[in-house]
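Participant: Residue strings, one per chain:
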Amino acid sequence: MSMFTTRGIKVGHDKRTSTLQPVRIEHCQTVTLLMKQHIGAPCKPAVKLGDIVDRGQIVGDTDAALAAPIHASISGVCKRIEMIRVPSGEDVQAVVIESDGEMRPAANLEPPKAETREDFFAAVRQSGLVGLGGAGFPAHAKLRSACGEANILLVNAAECEPYITTDHREALDKGDNVIAGIRAICAHLDIKDAVIGIESNKGDAIEKLRALSLWNSSEGLKISVGVLPSRYPQGAEKMMIDSLTKRTVPLGKLPSAVGALVMNIGSVAFIGRYLQDGKPLVSRTVTVDGGAVHTPMNVRVPIGIGLRELIEFCGGLDHPPAKIILGGPMMGSASPNLDTVISKCNNSLLLFTREQAEGESESACIRCGKCVAGCPMRLMPCVLEAAYRTGSTEILRRRDVAGCIECGSCSFVCPAKRELVQRMRMGKRLVREEDERRREAERT
Amino acid sequence: MSEPEKETPQVMVSTSPHIRSGRTTRGIMMDVCLALMPALAASLWHFGVRALALTALSVTACVLLEFLSRKIMKRPQTVGDWSAVVTGILLAFNLPVTLPFWIVPIGAAVAIVVVKQMFGGIGQNFVNPAITARIVLTVSFAGEMTKWAQPSGAKLFWASDAIATATPMAALAAGKLPKEGLIEMLIGSRSGSLGETCALALLLGAVYLCLFRVIRPLIPAVYIGTVALFAFVAGGFNGQLVLYELLGGGLILGACFMATDYSTCPIHWKGKLVFALGCGLLTGLIRFYGNMPEGVSFSILLMNLLVPLIENITAPKAFGKERKRHAKA
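Line order of the protein sequences matches chains A and C. If you want this note's numbering, it's the 1-based position in the first sequence plus 2. If you want this note's numbering, it's the 1-based position in the second sequence plus 716.
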């Protein structure tokens, strides 16, 4: 069977920064802290113009359940509070802080109290943690919803996107924090099984994690390493759950439906460290790569650093960038300019040269079926694309367009270079809008 | 090294993914052309320069007609995708080497203008252009399309120089084993359409296409396998007869290069399986119980028409939709 049903696709790895330990940016002139760096409700600024802020001080928060507070990532003065357009096209409020050069930590930072489960959730919320793998789902909300449902923790270190090596570095450099994080999460959620899922192309990290999990497994908590095939998109939640546990998440359901909690390795390591030192999420590791940047490297940046400052740190540009990508090349978003900033869930900044960015133009579908063979969700992208173009929500529904995880495999393999995943996104929206209209009609 | 401030404003913005595979439609079509070259060489060897001339004429006519169709319909020009070249070669491969040159453009017009462009161009045609053209020509020019020449080496150019003979399929239909030995059948030293005779060369091309993932071996394997099984049972469990059935007509060419045509076969592997089974069964039925000695073209054409139906019943179920086996461990 498997010869006909191998899902996912082969993409180049280009992980040339995997041997480079992250370099910390010690000084940064300004940071722009977006009030929405997560899925959910935006935060409201908690500082005023001219306020002096310390590193780790909360500058944005909200009462909404699905949100995470924003902390100052440098010490300095609050210079502006303004609206900023982010690459997704949204306008988001932002607090701009100009550094005083001191990087002075806030006075009240101490290890949080995390004896009870509620304490733990509250602490995670207070830390400002959101999914560091790219999705940006508030971690406390995820943990809360998994509580009582999940019986296995999957630590996502697959890192199936090309170029990015931050998770790889996390495994190599922060192994102890990863273990501490796993222990804390499993203890509070009553989970007895933790598997670190990692792609086979990271041999050194696998070895290191294996040794660590062997050392740290106990009667009450079994930690193991699950090696995944280096096949995109193994890092997608549903694919990883399938590969590591043979459980199939029902269409339209969350991993908790099969008792799984999936968390990015960076997020887990952060929790491990936060419980020890109480330093909130003010910095993160970013892979800077692509042909246009002088020195590709991993950088530990203050959250909110501008792209220009970050690029300067990496030795500047060798070529004018033809494409600026925040996130990976498969799922990241392209920014129209360098006037944007690194937020909590940006794991990479790619600066592509013209040769890297340019592709062939779109031509007619030849029905080769590569998109169908490659779709990890077993959808038929070419059929859905045609259904979107004719506006047939009936076919879009029957062929489960809502199941699309937007991994981009279909567009990647398409020899006619069709914008398949984009039209599936639009198709999903078409179905959603129709649902809303129907609900509206029922109400009136 | 320029400062970040000096970057030019021409930054491209698009939705993800930002990288694409190196595969292109043109590349795929060129691969198919390359895979057909061994068979073309074999036909030159067996049937002479005339085979090459017919192929060149067919390709030229197809490419020209593709170009003109797009031009007249004021559609984006697609002649650069090489698909018309593939159709041209395949059409020629389906013709007897003695066919008058003037008939070739008619076949090309049926394939490219009627079957392909009138239905929207590449990917939109619902039957195989070359096969439909072959059938139209067979019906319209029955005499010319069934004048088979004996292989006579590279000298043949004038159709009148050809020595007429029957194809192995005619012998099989008459209940006899053909006069050619199995080795001759394998290397293509037998009468028949100019590109179909050398099974060895065709299989070489098919292996190339499978290795480079242009096609998957499913359709050729199941199609040929079904015909073999059918012949084995219907022919009274005679192994030698089965081999003649496989090597005798246009089965290898049809199974490897025509039934695998992207536009006219199902997309999903389950659909391909049903499609290939159907092709095999129909070919067997026509050959053993029909009036015609050969049935590959008609089988593929009929199954082409069933593709939308097959696709409907074999569409894959989305991941997580089909089973509830693992509902909460």
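The reader is advised that the hints may include incorrect statements.
[What the hints assert, rightly or not] One side of the interface only, derived from the structure: several residues of chain A facing chain C at Cβ under 7 Å: (1) Met105; (2) Ile326; (3) Met333; (4) Gly361; (5) Ala366; (6) Met379; (7) Asp402.
None of these hints come from the bench; they were simulated from the model. Each residue gets a CB set at the ideal place from its N, CA and C atoms; glycine is no exception.
Participant: Each hint should be assessed against the structure and marked as holding or not.
Facilitator: Consistency of the hints with the structure:
1. Met105: violated (23 Å)
2. Ile326: Holds: closest Cβ of chain C sits about 6 Å from Ile326(A), inside 7 Å.
3. Met333: holds (5 Å)
4. Gly361: Constraint on Gly361(A) satisfied, holds at 5 Å.
5. Ala366: holds (5 Å)
6. Met379: Since the shortest Cβ distance to chain C is 5 Å, the answer is holds.
7. Asp402: Holds, because the Cβ-Cβ distance from Asp402(A) to chain C comes to roughly 4 Å (cut-off 7 Å).
Hint compliance for this structure: hint 1 alone is broken.
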